[in-house]
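Since chain W is already given, all that's left is putting chain X on it; use the hints.
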Amino acid sequence: MMTRITEKMNASVVLDTLRHTDGYYITNTARDMSQSDYKNRILLHTDLLAAKAREESGYFSLEITGGASIHVDILRKQVDPFLKLKLLRKQMPDTMFQTLCRGVNLFGYRPYPQNVIRLTVREFAKYVDVWRTFDFMNHVPNMQAVFEEVAKAGKINEPCICFSTGPEHTNEYYVGKVQEIIDVTGPEIILCIKNHGGLGSPKRIGQLVNAIKQAYPELIIHYHGHNTDGNDIGRITAAVLNGAAIVDASDHAFTGFYGPPPILTVIQTLKDYDRVAVGINEEAVIRSSDVIRDQRQYYAQFEAQIKGFMPTVQIHKLPGGAMGSSLEQAAKGGFLDKMPDILHNELPKVQKELGNYWSVTPGSQILWTTAVSNVLDGDRYGNPSGDLKNLLLGKYGPFPFYRPADWIYEKAFGPDWEKVLEQEGGIENIEDMDIDKERQTLTGKLGKEPTEQQLVSYLQHPNDAVEFFKFEEKFGQSYVLPPAIFLRQGGFQLGETLVFRDHDGKEHLIEIGPSQQDDDGRTNVYLNVDHHQRTFIIEPETQAGAAAEATLSKNEIANLAKSGDIRALFGGNVYEISVETGQEVHAGDQVAVLEAMKMQTPVISETSGTVASIFAKTGQAVKPGDKLLQIDSDAR
Amino acid sequence: MKTKILVANRGEIAIRISRAIQELNYEAVAIYETPDRDSRHIRIADEAVWIGDGPRCDYLDIDKIITAAVHAGAIAIHPGYGFLAENPDFARACEDAGIIFIGPSSEVIDKLGNKVMAREIMAQAGIPMVPGTDNLKPGDEGLQEAIAFGKKYGYPIMLKATSGGGGRGIRRIEKESELAEQYPIARSEAKAAFNDDSVYIEKVVVRPKHVEVQIIADKTGKTIHLGTRDCSIQRRNQKLIEIAPAFHLSSELNKQICETAIQAAKAAGYFNAGTVEFLLDSDNSFYFMEINTRLQVEHTVTEMITGIDIVRTQIKLALGKELLFNQDHVQLRGHAIEMRINAEDPQNNFMPEGGKTVTVYRSPGGYGVRLDGFCYQGLTIPEAYDSLLVKLTVFGWSWNETVDRLKRCLTNFVITGPKTTIPFYLNLINHPDFKKGRFDTSFLDENEQLFEYVENASEVNKLARLIAEIHQNKQNTYAA
Chain W
215 MMTRITEKMN ASVVLDTLRH TDGYYITNTA RDMSQSDYKN RILLHTDLLA
265 AKAREESGYF SLEITGGASI HVDILRKQVD PFLKLKLLRK QMPDTMFQTL
315 CRGVNLFGYR PYPQNVIRLT VREFAKYVDV WRTFDFMNHV PNMQAVFEEV
365 AKAGKINEPC ICFSTGPEHT NEYYVGKVQE IIDVTGPEII LCIKNHGGLG
415 SPKRIGQLVN AIKQAYPELI IHYHGHNTDG NDIGRITAAV LNGAAIVDAS
465 DHAFTGFYGP PPILTVIQTL KDYDRVAVGI NEEAVIRSSD VIRDQRQYYA
515 QFEAQIKGFM PTVQIHKLPG GAMGSSLEQA AKGGFLDKMP DILHNELPKV
565 QKELGNYWSV TPGSQILWTT AVSNVLDGDR YGNPSGDLKN LLLGKYGPFP
615 FYRPADWIYE KAFGPDWEKV LEQEGGIENI EDMDIDKERQ TLTGKLGKEP
665 TEQQLVSYLQ HPNDAVEFFK FEEKFGQSYV LPPAIFLRQG GFQLGETLVF
715 RDHDGKEHLI EIGPSQQDDD GRTNVYLNVD HHQRTFIIEP ETQAGAAAEA
765 TLSKNEIANL AKSGDIRALF GGNVYEISVE TGQEVHAGDQ VAVLEAMKMQ
815 TPVISETSGT VASIFAKTGQ AVKPGDKLLQ IDSDAR
Chain X
18 MKTKILVANR GEIAIRISRA IQELNYEAVA IYETPDRDSR HIRIADEAVW
68 IGDGPRCDYL DIDKIITAAV HAGAIAIHPG YGFLAENPDF ARACEDAGII
118 FIGPSSEVID KLGNKVMARE IMAQAGIPMV PGTDNLKPGD EGLQEAIAFG
168 KKYGYPIMLK ATSGGGGRGI RRIEKESELA EQYPIARSEA KAAFNDDSVY
218 IEKVVVRPKH VEVQIIADKT GKTIHLGTRD CSIQRRNQKL IEIAPAFHLS
268 SELNKQICET AIQAAKAAGY FNAGTVEFLL DSDNSFYFME INTRLQVEHT
318 VTEMITGIDI VRTQIKLALG KELLFNQDHV QLRGHAIEMR INAEDPQNNF
368 MPEGGKTVTV YRSPGGYGVR LDGFCYQGLT IPEAYDSLLV KLTVFGWSWN
418 ETVDRLKRCL TNFVITGPKT TIPFYLNLIN HPDFKKGRFD TSFLDENEQL
468 FEYVENASEV NKLARLIAEI HQNKQNTYAA
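Chains W and X, in that order, are what the protein sequence lines are.
Our numbering puts the first residue of the first sequence at 215, with every later residue one more than the last.
Our numbering puts the first residue of the second sequence at 18, with every later residue one more than the last.
Okay, chain W solo, but in the shape it has when bound (with noise of 0.2 angstroms):
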């Protein structure tokens, strides 16, 4: 059967049109190299510019939500993540939406209650069509929940086994795996081997999937990879060729180097082994690249900063979707220059020492800043951050093949840490939410009632999510403006004309007029809207760089510490605020939580006394060296 699948078949007929199929399908994996290429900044604009061409190109499914996009949606792209795929369904009826669950951590990086889960799903299972959900411990009941409100609501499961190498990651152990969550979800499903990190060579991705072929004949297996070693290509034509059903690839025009690899090479590759690319119009694929080609020197900004493919990734295992923002973290750190010992000798390292599970969120972040903190603090294991600890004591699910050694545990957790591992450890069950509580807190927050989408947004993101609110409230359907203009770098040139179509279809036209500044440091931008003149008064706090920025050093902000000056010591967010102003504390207390890499770090005061005033608020970016808070302590 050569039948192309389309969003209007239901879920049985979709798995067995696959499971009949002669050739093979794909998925346009764009959702995955906006993340591993361009750290997830691709727009709405771009896609919505794509999605005719894409539409007719015949894909399995788009690969357009889910993973971390849901988050820079509403916190740097400024887009609502279900309008989005409103507008996208729009242009594109046929085409089956595809997400990316982290299972119990949904589209975050924290295990979320059952409740919140199951409402997220329901909303989200409007618009999405596959359900590509994952653990990081490939521990399946963290996935259960997903399963089953995917299924309830008709559409289609495709469970992980998260793949990685060495000696554990044997067939058998998979094999072991795909039964257990077969077990779970009855055998209507697609079975995704998710190679996050493009690991292993070509010739051992077909042994793995012939041997679970072998064991499970019926079974539709969907290959997905990462190009970060140049080689997906060969990995996905061996998947094919031993019976995989469907594989991931995205536009020509936008591949990088740690994301998807080219559709168009793919389609070429495998004809010359008589194997078809069952309802492709390659006209369009190449057409969606045409298209949007033009549009990629705009997201320059947000390429890896070192570019290439990186082989090593053998060796260093870290994910493609984390590799843009690791790198990130490593120029605006300063430490580019150890990136080799980090890539190739500790992280290798704290991977074993951790039990070797699988480098993919939240667990790559946790490999990855333990990894960096051991290299950079020169003490390993000495500064572990709260996910970290969470990770040691399993609350993120049993380890799968052992547990780190005890001196680890005595590094986190003190000589005592038998006892907190006994008392503490285990998952926890999570007990639901207040969700009617929390629409009335966001009631309050937005002066009206939150639609159902708005609450599921916001029980995912309370913080992020109600700014994005207001940034819609005042400047409106941004999603409209293209990336030339929504993510410009240095300004407009006088007199330059910007063309572009609102949420209601109509065109506009603004010429950059010039600025003049007032003596209260005010703004006066003059822009000519549609041929009328107008004023946007800019006040000085809203203008970047406004306080002259002093650069302290690591050892600067050390010393101001032990003075009762807390500043932050990296770049992130503050996620809590543990104390209030007026308040005694001593040393050794936390005073605050910053989060940076998805990761939390305690901020912890280096003297006693009282807390005299609070310079940052919950959800705010910090950088190195910004206030926190003072201390006064008690000697004055």
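Worth double-checking, as some hints may not be accurate.
Derived CB-CB ranges, DEER-like [said to hold, decoys possible]: (1) R350/X x A498/W: 58 to 66 angstroms; (2) W414/X x D734/W: 49 to 57 angstroms; (3) Y384/X x K300/W: 34 to 42 angstroms; (4) K491/X x A429/W: 56 to 64 angstroms.
Rather than coming from a laboratory, the hints here were simulated on the basis of the structure.
Backbone N, C-alpha and C fix where the C-beta goes; we use that ideal spot for every residue, glycine too.
What follows is chain X alone, placed relative to chain W:
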């Protein structure tokens, strides 16, 4: 030296009158209080006289205005509407100073301004009237009179201040038991507001339409009507939208109402332009309400369907000219709708938005569109005065055409800075009952959904603000 006429008013109506004066090749003299020093009515006039710091007291100061007129050498004063327009003392002061008051005589203003006296005149002339009383006696005696009236005609009834007007000084009584409490309150309120505690009673006509007739009379007593207007859509007894001619009246009823209006004007010995207001009951019986002895805000709709410049005519009549046309010459054609675009928040009980600055003002134009306003980009709306920014009047040959045009105008009307009544009006004209002309004075009260709309700072202006920030900050800080 050119003939000068002083305009004793401000805002849009001062501009409207100045234009007519200038078209007659006379000079317009404006007056202003300090908060109005940047007002457009001053710029449009040929000269302007500052009369004090105000607010609202100098525009009401008869002596100052007469002095200003004398100093400027004005031979006549047009009072506009509001302020001193229906104050007989002002008309009398003009007469005493030898200045022509553009309006009826002080005597006519006096007797028509007194509700009870006006009712007496109309009763004698056989004009149909809502059942009512004379001035009630003070204290318990008056209360007993009121109770007796309620027993005879039923409830609800209105307690009205004899010296009130313009929708002020009215209390609605739903049942007899409320009277004992409300009667003294109504009296003391009337005293406080109008320095006259006389009140009288009128029966309430439930769900009436407000229909009025524009009349115009010269000194020879020749009195002509310029057709009807429907002003049923009101909030708290204040008109928001006016339509000419009144909709859905049979031609006989229309004729009957207009002729009754002429009869009423003649009975009062009326001169110059005026408006006779009626309540139209659902059974088509109509009752005299009052005669407004001034130019009305909504005179524009009548001008649109008759082609007659009412203000020009007012001035010419006041200066002694006679009406050059007869009733037969007045042709009513098409429909006109006027909407008062106010700087108010309809969702917050029409709270005025005074003090805010108009950052964008972009008005519609084209066939059948008339704007009477004083608003401009950069205007900071004075808090001291009313919130009317501009009157949008549209004309169309058919009702549907007129509503379509109005919708187009409202959609293209962009005012940012203050909230305005525009989004509310858009909701209103999209209401099926409005489109079909099915509305009466209860329309707003019974259609609360009209207040449900999202205040829509236009999408392009929101995006332009974002672009301004991206430009200023050299990057999009919301995408960084």
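Hints and how they fare:
Taken as a hint, the range 58 to 66 angstroms holds for the pair R350/X and A498/W, whose Cβ atoms sit roughly 59 angstroms apart. Checked against the hint of 49 to 57 angstroms, the pair W414/X and D734/W passes, with Cβ atoms roughly 54 angstroms apart. Checked against the given bound of 34 to 42 angstroms, the beta carbons of Y384/X and K300/W, roughly 39 angstroms apart, stay inside it. For K491/X and A429/W, the hinted distance range of 56 to 64 angstroms is satisfied, since their beta carbons lie about 58 angstroms from each other.
Of the numbered hints stated above, none is contradicted by the structure.
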